[in-house]
Every structure is written in C-alpha cells, then in structure tokens.
Amino acid sequence: MYTYDLLEAGCNYLVQEKEENALQLIKVHFKSDHALCISTYSEGEEIVWKKKDAPIHDIVECLDDKAVTAWEKLYYSQDAYYEEDDEE
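Everything in the sequence shown is counted per the numbering used here, starting at 111 for the first residue and increasing by one.
Read the hints as simulated data drawn from the structure, not as lab findings.
One or more hints might be untrue.
Here are the simulated BS3-like cross-link-like pairs (lysine-lysine), alpha carbons at most 25 Å apart as the crow flies [unchecked claim]:
hint: 1; residue 1: K128; residue 2: K161
hint: 2; residue 1: K176; residue 2: K137
hint: 3; residue 1: K137; residue 2: K160
hint: 4; residue 1: K161; residue 2: K141
hint: 5; residue 1: K137; residue 2: K162
hint: 6; residue 1: K137; residue 2: K161
hint: 7; residue 1: K141; residue 2: K162
hint: 8; residue 1: K160; residue 2: K141
hint: 9; residue 1: K128; residue 2: K141
hint: 10; residue 1: K160; residue 2: K128
hint: 11; residue 1: K137; residue 2: K183
hint: 12; residue 1: K128; residue 2: K162
Beta-carbon label-pair distances, calculated as ranges [said to hold, decoys possible]:
hint: 13; residue 1: K183; residue 2: L133; range: 14 to 22 Å
hint: 14; residue 1: S142; residue 2: S187; range: 32 to 40 Å
hint: 15; residue 1: A132; residue 2: E182; range: 26 to 34 Å
hint: 16; residue 1: D143; residue 2: W181; range: 28 to 36 Å
hint: 17; residue 1: P165; residue 2: S142; range: 17 to 25 Å
hint: 18; residue 1: E130; residue 2: D163; range: 20 to 28 Å
hint: 19; residue 1: C172; residue 2: S152; range: 27 to 35 Å
hint: 20; residue 1: K183; residue 2: D143; range: 19 to 27 Å
hint: 21; residue 1: H144; residue 2: K183; range: 32 to 40 Å
hint: 22; residue 1: Q188; residue 2: D143; range: 32 to 40 Å
C-beta: ideal position from N, C-alpha, C; glycine also.
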C-alpha cells in the first residue's frame, strides 16, 4: 500500500487507488503541506485535492514525456468525436 505523498509534482502516473479499481492516469500539479492538487481523467479532466496520507493500492509507473504525449494525442482526438455541432 502506498500514499499520495510519494508522488512528485509535475509528473504523470498510472495508479490503482483500490485493488478492485481500474488503472487511472493522474497528473500532480503541486503539493501543499498536507495535500496534493491533481487532475484525473476518468470522465473528462477533473481537478481534485488528495490528502498526502490517502492510500493508493498501487503506483504502476511514472510516465515519461513520450508516453504522456502519445496519451494526450489519443485523449484529445477523441474529443472531436463527441463535440456537438452548434451550427443549424
């Protein structure tokens, strides 16, 4: 079992918060004395706070820039399929 305190600001991680949960990508924006501000991408980007001592079942990996760039290309290209046409 790990905690959010192990994660570094400015990095992207694949984590599994609970054993029964799927992997998720998170980005750590910054750390305060007792918490971290992170983005999650389950259903669109959501910015949330996590306590430093909050448990994480597994930290699968810290993604390198190449992997993050590939993921961003895929993630943001999917938005084009879901945008509504405002013109009528």
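Right, here's what the structure says about each hint:
Simply put, K128 and K161 have alpha-carbon atoms about 15 Å apart, close enough for the 25 Å limit, and the pair holds. Distance hint between K176 and K137 is fulfilled; the C-alpha atoms sit about 15 Å from each other, no more than 25 Å. Simply put, K137 and K160 have alpha-carbon atoms about 12 Å apart, close enough for the 25 Å limit, and the pair holds. Proximity of K161 to K141 is assessed by CA-CA distance (about 10 Å); at most 25 Å being required, the pair is judged to hold.
For the given pair, K137 sits about 14 Å from K162 by alpha-carbon distance, which is consistent with the 25 Å threshold. A distance of roughly 15 Å separates the Cα atoms of K137 and K161; the hinted pair therefore holds under the 25 Å criterion. Among the hinted pairs, K141 with K162 is consistent with the structure: their alpha-carbon atoms are about 9 Å apart, no more than 25 Å. Between K160 and K141, the direct Cα distance comes to roughly 10 Å. Compliance with the 25 Å bound is thereby established for this hinted pair.
Taken as a hint, the K128 and K141 pair is honoured in the structure, with Cα atoms around 22 Å apart against an allowance of 25 Å. Between K160 and K128 the CA atoms are separated by roughly 14 Å; this keeps the pair inside 25 Å, and the hint holds. The straight-line distance between the Cα atoms of K137 and K183 is roughly 16 Å, inside the 25 Å bound, and the hint therefore holds. A C-alpha spacing of about 16 Å is found between K128 and K162, which places the hinted pair at or below 25 Å, so the restraint holds.
Range check, K183 to L133: Cβ separation about 19 Å, and the 14 to 22 Å hint holds. Evaluation of the 32 to 40 Å hint for S142 and S187 yields a pass: the beta carbon distance comes to about 34 Å. Checking the proposed 26 to 34 Å range against A132 and E182 shows it is violated: the Cβ atoms sit about 19 Å from each other. The given range of 28 to 36 Å is respected by D143 and W181, whose C-beta atoms sit roughly 30 Å from each other.
Distance hint for P165 and S142: a CB-CB separation of about 19 Å, consistent with the stated range 17 to 25 Å. Checking the proposed 20 to 28 Å range against E130 and D163 shows it holds: the Cβ atoms sit about 21 Å from each other. Taking the beta carbon of each, C172 and S152 are about 19 Å apart, not inside 27 to 35 Å as hinted. Between K183 and D143 the C-beta distance comes to about 36 Å, which lies outside the given range of 19 to 27 Å.
Against the hinted window of 32 to 40 Å, the Cβ-Cβ separation of H144 and K183 comes to about 35 Å, which satisfies the hint. Our hint of 32 to 40 Å for Q188 and D143 holds, since their Cβ atoms are close to 37 Å apart.
Hints 15, 19 and 20, counting from the list given before, are not met by this structure.
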